[in-house]
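Colleague: Okay, so the sequence shown: first residue is 42 according to this note's numbering, each after it adds one.
Take these hints with a grain of salt, some might be off.
[Said to hold, decoys possible] Pairwise CB distance ranges, derived in the manner of DEER restraints: (1) E362 - G90: 35 to 41 Å; (2) P201 - E362: 29 to 35 Å; (3) A683 - G556: 25 to 31 Å; (4) E362 - E124: 26 to 32 Å.
[Stated by the list, open to error] Computed list of lysine-lysine pairs in DSS-like fashion (alpha-carbon distance at most 25 Å, straight line): (5) K76 - K376; (6) K217 - K675; (7) K395 - K430; (8) K395 - K217; (9) K376 - K424; (10) K520 - K481; (11) K327 - K315; (12) K520 - K497; (13) K217 - K357; (14) K285 - K315; (15) K309 - K336; (16) K357 - K315; (17) K327 - K430; (18) K76 - K497; (19) K357 - K336; (20) K694 - K675; (21) K76 - K481.
Source of the hints: derived by calculation from the structure; they are not laboratory data.
We put the CB at the ideal spot given by N, CA and C, even for glycine.
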Amino acid sequence: MISVEHLSIEFSARPLFTDVSFVINDRDRIALTGKNGAGKSTLMKIIAGQQAPTSGSISSPRGTTVGYLPQVMQLADERTVMEETLLAFDHIRELQADIERMQQEMSERTDYESDDYMQLVERYTRAEEHFQLMGGMNFHAEVERTLLGLGFERWEFQRPTRELSGGWRMRIELAKLLLRQPDVLLLDEPTNHLDIQSIQWLEQYLQQRAGALVLVSHDRAFMNNVTTRTIEITCGRIWDYKVKYDDYVRLRAERREQQLRAYENQQKEIADLKDFIERFRYKPTKAVQVQERIKQLNRIIPIEVDDVDNSSLHLKFPPCERSGDFPLIVEELRKAYDHEVIAHVNLTIRRGEKVAFVGRNGEGKSTLVKCILDEIPFEGSLKVGHNAKIGYFAQNQAQLLDPELTVFDTIDRVARGDIRTRIRDILGAFMFGGEASDKKVKVLSGGERSRLAMIKLLLEPVNFLILDEPTNHLDLRSKDVLKEAIAAFDGTVIVVSHDREFLDGLVQKVYAFGGGRVREHLGGIYDWIRSQQAEEASTSKAAPSPSAKAGDGKNICNPSQTAGRSMQGGGGGAVSYEAQKAIARQRKKLERAVAEAEAEIAEIEAAIHLLEDRMSTPEGAADTSLYERHARLKAKLETTEATWLEASEALSKLS
42 MISVEHLSIE
52 FSARPLFTDV
62 SFVINDRDRI
72 ALTGKNGAGK
82 STLMKIIAGQ
92 QAPTSGSISS
102 PRGTTVGYLP
112 QVMQLADERT
122 VMEETLLAFD
132 HIRELQADIE
142 RMQQEMSERT
152 DYESDDYMQL
162 VERYTRAEEH
172 FQLMGGMNFH
182 AEVERTLLGL
192 GFERWEFQRP
202 TRELSGGWRM
212 RIELAKLLLR
222 QPDVLLLDEP
232 TNHLDIQSIQ
242 WLEQYLQQRA
252 GALVLVSHDR
262 AFMNNVTTRT
272 IEITCGRIWD
282 YKVKYDDYVR
292 LRAERREQQL
302 RAYENQQKEI
312 ADLKDFIERF
322 RYKPTKAVQV
332 QERIKQLNRI
342 IPIEVDDVDN
352 SSLHLKFPPC
362 ERSGDFPLIV
372 EELRKAYDHE
382 VIAHVNLTIR
392 RGEKVAFVGR
402 NGEGKSTLVK
412 CILDEIPFEG
422 SLKVGHNAKI
432 GYFAQNQAQL
442 LDPELTVFDT
452 IDRVARGDIR
462 TRIRDILGAF
472 MFGGEASDKK
482 VKVLSGGERS
492 RLAMIKLLLE
502 PVNFLILDEP
512 TNHLDLRSKD
522 VLKEAIAAFD
532 GTVIVVSHDR
542 EFLDGLVQKV
552 YAFGGGRVRE
562 HLGGIYDWIR
572 SQQAEEASTS
582 KAAPSPSAKA
592 GDGKNICNPS
602 QTAGRSMQGG
612 GGGAVSYEAQ
622 KAIARQRKKL
632 ERAVAEAEAE
642 IAEIEAAIHL
652 LEDRMSTPEG
662 AADTSLYERH
672 ARLKAKLETT
682 EATWLEASEA
692 LSKLS
């Protein structure tokens, strides 16, 4: 589909990569990997046509569409969420406007026999066929499904984008990109601002619906679940592995061992040649042999060894005084602004526990952290335990660094003991190797400052760590270093994160935020994910609890509570129980309608896909009956999606 041929690029006469060639095939799922600065994002920009290479070319069949999601983008603020997302279909709207203009022109003209009129009819026919192939105006249901999957609520569809954070606006750009359904999708760190539920939705979408995909990500679980091919950029070249990321890591380790053996053998050969040349350089009887050795030495092409993996570096937090047995006790905590964010929060964290705060963005995770840090007022009780010394990492932590210090000096001022002899190794593990350690803080990017703030925190004596999205700006090796340091930390840890691989094996308890409540789950992150999946599956099979009026009419009753009241007697209980059964029957009916509509939509879309494949052939293009069948299927799809949307909305009102 896309052919990259002999690509080279240089910055300030320094080659980033040289003579790179590979092919992106239809349905390829490629993870693009390599250390920071290897050229991953640059290669993505070149494939997207946003940057020109120093030499080489990118070629693709005519009409191939490429969609690119960069890490940083400029977004407009004058539209609502829905209006901005609908821009993904501007090309369909423009085509519809052209069709309407041609219809108007044909109705006004009377020169039916002229060549110009016949050309107009031909253009109109082609445009109408193309319009139907693209699905016409039948895209509103797909827009809603995509926005909901990426974490938006329905009420937010009409919210102005200027009110949203950069992370939420990035989700809108991702939604627009997915809705355009390009032939090749280029995603640069798409999970940075997504929560776990949205990441799982995106994984499923990419597995089932995307065409070719090239992905740059530091989320190992996401790459393993989505990609089947790994291209590594290292030492200015690429290595192409036809396997997912975890298998690539194993194969890469084997390759590096082979490189090291070959490198060591070559160094021995070079040393032997140099030794012979030095020993016999001035002996006339050995002149011929010496010259032959010199030529042989000049012909040797040095073997390059992949960059040393600094993830083997071990960091330990400096010792700190022991905290009390219960560093944090929260009872009936509530926090509200113009609306209630969290309420009835009860949790107890023991010394040495490592817990995760998870949930969709905006559900109150950072709010509770601010309550713990006493940065905002709240209702209820929150006690930080005796002698608890909190070390806090947040995105704005980077703003507290001294801008006039260098990277090295920033860390040198907090390092103590033997760790001072390893500062450059530590900086290298967090992507500040070489000249980067001599940069001043004021010239660093936001991501670089965040990494530096993380290193600084690692070297400070604390016994209670609170980390808010600590992995957003770390590469895979740096995350391994950080994870090992936290695992070895003998204090208490709260991690707010969406990175499943980072949390796996690190936390023993999960607090899930949602609907203004905080629920405790014992076990690791994947235990919680499995419990969520099981809960969703049971909800779809059995009727969930309805709302029952009691007191002020706002209390939510579960089936056992409702049944209990009905058994205790009283007409109100009996009526409530009958109402519960009626709602349960209605919910089952709607759930069945939604499931049937989704199954029918999948069948129709599959049939349309097969039909479009036939229409793309020379024989199919000349078969008018195919276009008629295609139009009928599209009309049927629109009707079925309308049915699905009506049933889904009715079902959501019962929740």
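Colleague: Assess, step by step, whether the Cα of K395 is no farther than 25 Å from the Cα of K430, and give holds or violated.
Modeller: holds, 15 Å
Colleague: Tell me if the straight-line CA distance from K76 to K497 falls inside 25 Å.
Modeller: holds, 22 Å
Colleague: Hey, K520 versus K497, does the alpha-carbon distance stay inside 25 Å?
Modeller: holds, 15 Å
Colleague: Checking one constraint from the list: CA of K327 to CA of K315, max 25 Å. Satisfied?
Modeller: holds, 14 Å
Colleague: Take the C-beta atom of E362 and the C-beta atom of G90, compute their distance, and say whether it sits inside 35 to 41 Å.
Modeller: violated, 58 Å
Colleague: Please verify whether K285 and K315 have alpha carbons no more than 25 Å apart.
Modeller: violated, 44 Å
Colleague: Verify the proposed pairing of K217 with K675, using a straight-line Cα cut of 25 Å.
Modeller: holds, 22 Å
Colleague: Straight-line Cα separation of K217 and K357 no greater than 25 Å?
Modeller: violated, 44 Å
Colleague: Does K424 sit within 25 Å of K376, going by the straight-line distance between their CA atoms?
Modeller: holds, 16 Å
Colleague: Does the beta carbon distance between A683 and G556 stay inside 25 to 31 Å, or does it fall outside?
Modeller: holds, 29 Å
Colleague: Is K309 within 25 Å of K336, Cα to Cα?
Modeller: At roughly 17 Å apart (the allowed maximum being 25 Å), K336 and K309 satisfy the hint.
Colleague: Sort out whether K481 lies within 25 Å of K76, counting only the CA atoms.
Modeller: Status holds; Cα separation ~22 Å.
Of the hints listed earlier, those the structure fails to meet are numbers 1, 2, 4, 5, 8, 13, 14, 16, 17, 19, 20, in rising order.
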